[in-house]
Every structure is written in C-alpha cells, then in structure tokens.
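**Q** Line by line, the protein sequences are chains W and X.
All residue numbers for the first sequence refer to this note's numbering, where the first residue is 39 and numbers rise by one.
All residue numbers for the second sequence refer to this note's numbering, where the first residue is 39 and numbers rise by one.
None of these hints come from the bench; they were simulated from the model.
All values derive from a computational prediction rather than experimental measurement.
No distinction is drawn between identical chains; accordingly, a pair holds when it is met within one copy or between any pair of copies.
Cross-link-like lysine to any residue pairs, in silico, SDA-like; alpha carbons within 25 Å at most:
1. K221 x Y239
2. K45 x A64
3. K200 x A421
4. K119 x T41
5. K200 x L353
6. K282 x F125
7. K200 x Y424
8. K200 x R420
9. K119 x E415
10. K45 x A412
11. K119 x S266
12. K251 x L168
13. K282 x S332
14. K282 x P340
15. K45 x A66
What follows is the residue order along each chain.
2 protein chains.
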Amino acid sequence: MRTMLEKAGNPEVEVVLWDGSVITTATAPVSVRAHIRNRSTLYKLLFDPSLYFGDGYSLGTIEVEGGLVEFNEAIDQGTHKVDTQGFYRDRFRTSLSWLKRNTIDAARHNIHHHYDIGNDFYQLWLDEQLAYTCAYFPDPDDTLEAAQIAKMDHVCRKVGLKPGDSVVEAGCGWGALAIHMAKHYGVNVRAFNISREQLAYARERARREGLEKQVEFVEDDWRNITGSYDSFVSVGMLEHVGLKNYEELGRVIARCQRPHGRGLIHSIGCNSPRVLDSWTTKRIFPGAHVPSLSEFMRIFEPQKFSVLDVENIRLHYARTLEHWLERYEQNIDQVRDMFDETFIRTWRLYLSASVAAFRAGSLQLFQVVFTNGANNEIPWTRAGLYQDRESGSVEG
Amino acid sequence: MRTMLEKAGNPEVEVVLWDGSVITTATAPVSVRAHIRNRSTLYKLLFDPSLYFGDGYSLGTIEVEGGLVEFNEAIDQGTHKVDTQGFYRDRFRTSLSWLKRNTIDAARHNIHHHYDIGNDFYQLWLDEQLAYTCAYFPDPDDTLEAAQIAKMDHVCRKVGLKPGDSVVEAGCGWGALAIHMAKHYGVNVRAFNISREQLAYARERARREGLEKQVEFVEDDWRNITGSYDSFVSVGMLEHVGLKNYEELGRVIARCQRPHGRGLIHSIGCNSPRVLDSWTTKRIFPGAHVPSLSEFMRIFEPQKFSVLDVENIRLHYARTLEHWLERYEQNIDQVRDMFDETFIRTWRLYLSASVAAFRAGSLQLFQVVFTNGANNEIPWTRAGLYQDRESGSVEG
Chain W
39 MRTMLEKAGN PEVEVVLWDG SVITTATAPV SVRAHIRNRS TLYKLLFDPS LYFGDGYSLG
99 TIEVEGGLVE FNEAIDQGTH KVDTQGFYRD RFRTSLSWLK RNTIDAARHN IHHHYDIGND
159 FYQLWLDEQL AYTCAYFPDP DDTLEAAQIA KMDHVCRKVG LKPGDSVVEA GCGWGALAIH
219 MAKHYGVNVR AFNISREQLA YARERARREG LEKQVEFVED DWRNITGSYD SFVSVGMLEH
279 VGLKNYEELG RVIARCQRPH GRGLIHSIGC NSPRVLDSWT TKRIFPGAHV PSLSEFMRIF
339 EPQKFSVLDV ENIRLHYART LEHWLERYEQ NIDQVRDMFD ETFIRTWRLY LSASVAAFRA
399 GSLQLFQVVF TNGANNEIPW TRAGLYQDRE SGSVEG
Chain X
39 MRTMLEKAGN PEVEVVLWDG SVITTATAPV SVRAHIRNRS TLYKLLFDPS LYFGDGYSLG
99 TIEVEGGLVE FNEAIDQGTH KVDTQGFYRD RFRTSLSWLK RNTIDAARHN IHHHYDIGND
159 FYQLWLDEQL AYTCAYFPDP DDTLEAAQIA KMDHVCRKVG LKPGDSVVEA GCGWGALAIH
219 MAKHYGVNVR AFNISREQLA YARERARREG LEKQVEFVED DWRNITGSYD SFVSVGMLEH
279 VGLKNYEELG RVIARCQRPH GRGLIHSIGC NSPRVLDSWT TKRIFPGAHV PSLSEFMRIF
339 EPQKFSVLDV ENIRLHYART LEHWLERYEQ NIDQVRDMFD ETFIRTWRLY LSASVAAFRA
399 GSLQLFQVVF TNGANNEIPW TRAGLYQDRE SGSVEG
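Excised from the complex, chain W in its bound form:
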C-alpha cells in the first residue's frame, strides 16, 4: 500500500485499514483519509487502484473522510508530481487503445449505458435545459442556468451564426443547443444523436416551442451525417468518438461543412496523451477517450483545416460540476427513490472525482474553432466574443 502511494506521487492522504492501522506517505498532517473496511478490498486495490477504489466506494467497503472531492483532488495532485517519464508510458498505452474500435454498434451500446438511464434522473441535478456539458461563466458567480446559456452563446458567436444559416450538430444531448441556435440565431439545425431517450425529450421540446420546422432531430450516428451546412458543431461528443475514428470525423466534417463555414468542437481533453482511468472507462463512460491537443489535431490536419482558436476553460468545468454535485446532494432523496445505494455512491464518486480532476488539472476542456484552409471570411479579431455579453445572444 505504501509502495502504491509512493508510485502515485505521495498524495497528501492517509489510508486507514480495518484494524485501525494508518498508512501514509504524506509529509504533513492530512485532512482527508480513506477507510478500507476489509482485506479483500485492499488486495483488489493493489491490483487495480482506480477500478477498485471506485468499486469499493460504490459498495461501501471504502469510506472517505474529509470530503470526497478533496480526497480525489489530493490524489490527482500527487499524480502530477510523478515525473514526466510517464509521458512515454502514457503515449504507448494510448496507442494500444487504438485497438478498441468504437464501431457504430459499440457506440450505440456505450451511449445507451450512460445516457438512457432516465431523463427524470438528469433533471434532478442538471440545469433546467438539461445541458450535460461544461458551462461558461462570464462571472464565476453566475447561476448554472445563466452559465449554460452563456456557453451556448459563446459557441454560436465563435462559429458566427447568421439568420438563415444551416447547422449540423453531432451529439445533441437533450437538444438545448440546437433549440437555442434556432430560437435565438434564426438558423436551421439538423441535430444527430444515438440516445433514444434524449431524442424523445428533444423532439417534444422543439414541438412545444413551435420549432419543429427549424430543428430536425435525427436518430443516427455522426458517421451517417449527409448534406451540406454552414457550420458543424459538436459539444461533448468527441469524448465518445474514440481516437481511431478522429480522421473519419475530419472527413465527415470536410464533406458536410461549406467552404466558408466555421465549425466548433467542444470536448474534455488532457495535457498529454493518456488513457482514462479504468474505473471511468469501465463503469461510467465505456469507450471514452479524452484527447490531448496533438491527438485532437488528427481530426483537422489530414483535411488541412485551419484551426483559428483553441480555448481551454477547464476551471469552468470544475465550477459546472460543483453545481451538479450540489444539486445531486440536495435531491438525493429523490435519487434514492429511483436507484439503489450502490448507484447513488457511484454517481457521487463520479461527480466528485470529476470536480477534483478539473480543479487539479488532470482534465481540460477545449473549444476548438476551425475552418477550411483557404477561407478568408474569418473574424478579424476575437473581440466580438466579448462585446455586449450581458445582453445574451446578438440576434434573434
């Protein structure tokens, strides 16, 4: 156990065993500790710390004292201290992950696993429009609702939507962005998703708001996008695409985005190539991969797209997740009416560890704006993104 902590960069935590003995490599008094309830949990931990810490926590054979976010943050900060030789090891492991193909069938299965567990559940802790991606807080004290709207406006401004434009959205969740673009920017949207529950919700909302003619929700994979559009927009789908399919994604974009259009991909990322921890990829997001920027570029470089703007809003995702976690805990009784205790603890850990990862810098959030390499119809500066922010959308 001590060796494991050393390998993990000596995080400022303590591990307390079932017999009361304390294991730590911390050099100062710590405020967070994990309690391991039995020997078999310890053995599993030594075998695959990420997977069995998660599973142990879910099952209650591991308890955490001093805050679940804080414990995970201490672990992540330890990992950062481990030397950069990890770069080559991680790059090698990432290259192995190419063996996993997110085929259309596998993608459908993976997406169903996470997103089709009930809209009611997500309504308990997301914002009122069910935007399940990083918000953008012009002011850190903005409400989650305001920050999700600001994020949508930020995206619309970055791709420069004009009334009458056509937009294709890959991975549209519950449809918040598609509907926002149609309603406030006067554009026509075709939005693709393979989560049936999300689509049913999105279609119903579009119908209710009288936007069925402007927004078409399509139940299909991004690989099957056809047609030609002014903008390709994708917010929070790339994480599920799989590294091996990035070049294909680039070809799809090149095929469907018009020469003068600007596109945007918004995705969780990381600072150097790595594979996600085993717990996240087994229990939370099967098939997920979060790209470093060099990996991200595999979408654009083969097509000679011009990357115009990359913004990293990592701390905004920490803030977003803090809101989600707070709402989750506030509504925990209602979650308990829907799911068992293992589920409750799994999702508590997932949200808490995610807050920690974005705070500690283990994860990033990239928004990348790109266009055809020969397109000169691009904004002269980015100043327009920061004008009249208070008034919300610029058109519509």
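With the hints as your guide, set chain X onto chain W.
**A** This is chain X only, laid out in the frame that chain W set:
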C-alpha cells in the same frame, strides 16, 4: 511544364516562354503570368520548381506580370486544390527533416545569414521599433507602428504581466518587446539572442531609454537559458528552432518558468505537417521549420504543460507584410545603394510570396499561451484581453 502545373493544382496562371508560346492549365482568362527567358531556366524549373522559380526571379531570367503577390497567391491557391493525400507525403517528408539538427553552431550560422545583413536595411521597411514579426491590428486600418505596439500589449496581457515580474525572452530581435515590457509593465527582462547586430542595437536602445537595469540582453542560445522567471516569452524564434529540438525547448521552459507563470510562444505555423519550400529554406531562412499545431504540441505535451489559448492571426501577418512590402518599394532607391539587383529581387520575392502565403492560407500565425499543468492562477475568461484596448498597456 503543363504536367508541373497539373501537379500544382492547375493554378490560374500562364507561363510564357522565350519564344512567345503560352502554357497554362487555367480554365478562365488569367491576370498573372510568368515569363521564362531561356531554356536552361525552364529545365531547372522542372527539376525543382520552388528553388529555381525563386533563383530565376532573383536573377531576372524569370519575370512576373500582373503582380508578384497575385502570382504567388494564384500558385498557393492551386496547391490547396491538390488532394489531401498530400498529408501523408508531407508528414513523411517532415519526419525526414528530423535528420537536420539545428545545433547551437548551425543556429548561429543560420541566424547570421538572415539577421546580420545590416540594421540600416531593416530600418528602411520595418516599423520604427524594428519589430520583425507579425503585428496585431485591432482595426485593420491601424498603422504598422500602432499594430506592433498592440501586438506587444496583446502578448503582455496574455501572459498577465504584473509590475516586478521577471520575464525571459527567447529570441528578442532588436529588443522592441523586451523594452516595451520593461517600460510599460514594470517588469525585469532577460532577453536572449544570437544575432550580434541585433543585440548591439537593442543594448544601445535600452541604454538610451535608461532601462539597462531592467533589461539585460544576453548573447546566447535559448538552450543556455538559466535562472527562474515568471514568464517565458518567445515571439518569432520557434521558426528557427527545428522540430527535433522542440522537446528540449519544452524542458528549458519547464526548468525556467515558475509554477504560477504563464508563457507564450508566437510562431509562423501551418495547417498540417509540411516542410517549407526549398527556396525559402535554402535562400531565405536556412534551418527553418514552421510547425503544425500537432508538432507545436511536442514542446508542451511531454512536460504536461496546460495549453490555455491558441489564437491564429494569419490575416494579420498578411497585413503586416503588405506594410513591409509597401515600405520596401517606397525606399527601393536606398536599398539599391546598399545591395545589388539580385538581392533586391530576392527580397521583393520573399516579401511578396509571404504576403501571398498568409493570404492564401498556406501559412498560419499561432500564439500559444501555456502554463504548468497544476496552475490554477489563470484568468477566468479572455475578456480582459479585449478591454480598454484603445488606452494601450494596462499598467506602467
């Protein structure tokens, strides 16, 4: 010749031979044509079009009608049309370029070749502060002088300079940015350069402005940077570093930038890995390489730096170069007093082809802001870059 034009994507140009015969693959009437004066120039062109177009133009065995910028732009636009299979060929050729090492000695030779040909010459066509890098025009109609100051402020704001900070600058040219930072932001700067003529000018200017205590100009290679600083800044040096040395550059930055500091690298780049044309690397910038963003990331990813912001201001470089070319032609008589006609034509072609390359999208200009992966002392949004722009610098 016709085959060569086809391979080059059928650019909208004509080639007129010494006997008056016209070769073209253009589909519409063209406004630009090249005249080839003799047979040996044609043969050389077929062997290495880039190198011998340049050499032929310099020597006057090739003349261009309809505008040198416009001719080059038509050529570049043709190249874009060539299919994207070129990606793999170019990536292979780029990997071969790793064989070239820009050692300290080679770097010194290469830099001397371009930058030590006389400050008087550069004074004829650069701005009054001799900033020989892409300017930033908040308004496209700004003067070159104003745009170079705006560029320096843009850089200083991006790295968040505060009075009393220390900055190391790698590749400082004639010292404009180092002096600007010291004078307007109250920081202490150590600026490295291996061009002796530039350094002599920079030191004299710092002395004249009473800034010797705040700005130290060091005649040494970036590999020999020592000490610890709040910010690492490099504007227009990366082009000379050589792809093989990017990881070493990252290690130097990791060694010398403090954990809470932000750094910035400003460099010409391209949309996908490629080698520069043979004329540019033989006659203008020996040892030069312009990175794609995935290549750029080789500086940051092994060190697990967090990339916060990438801005592509390609069209600003086209504008900058238009100013330089215009001043160059305005002062051509004075250039003629210093150099022979071959030199004059070489530099005319270099400036014109560069305008064309940035206009056509063959070259990009990236500003990349980065920091230590665990640093949370980062700006909440980028809005601060766009406030009170008119008033110039924010401090000092």
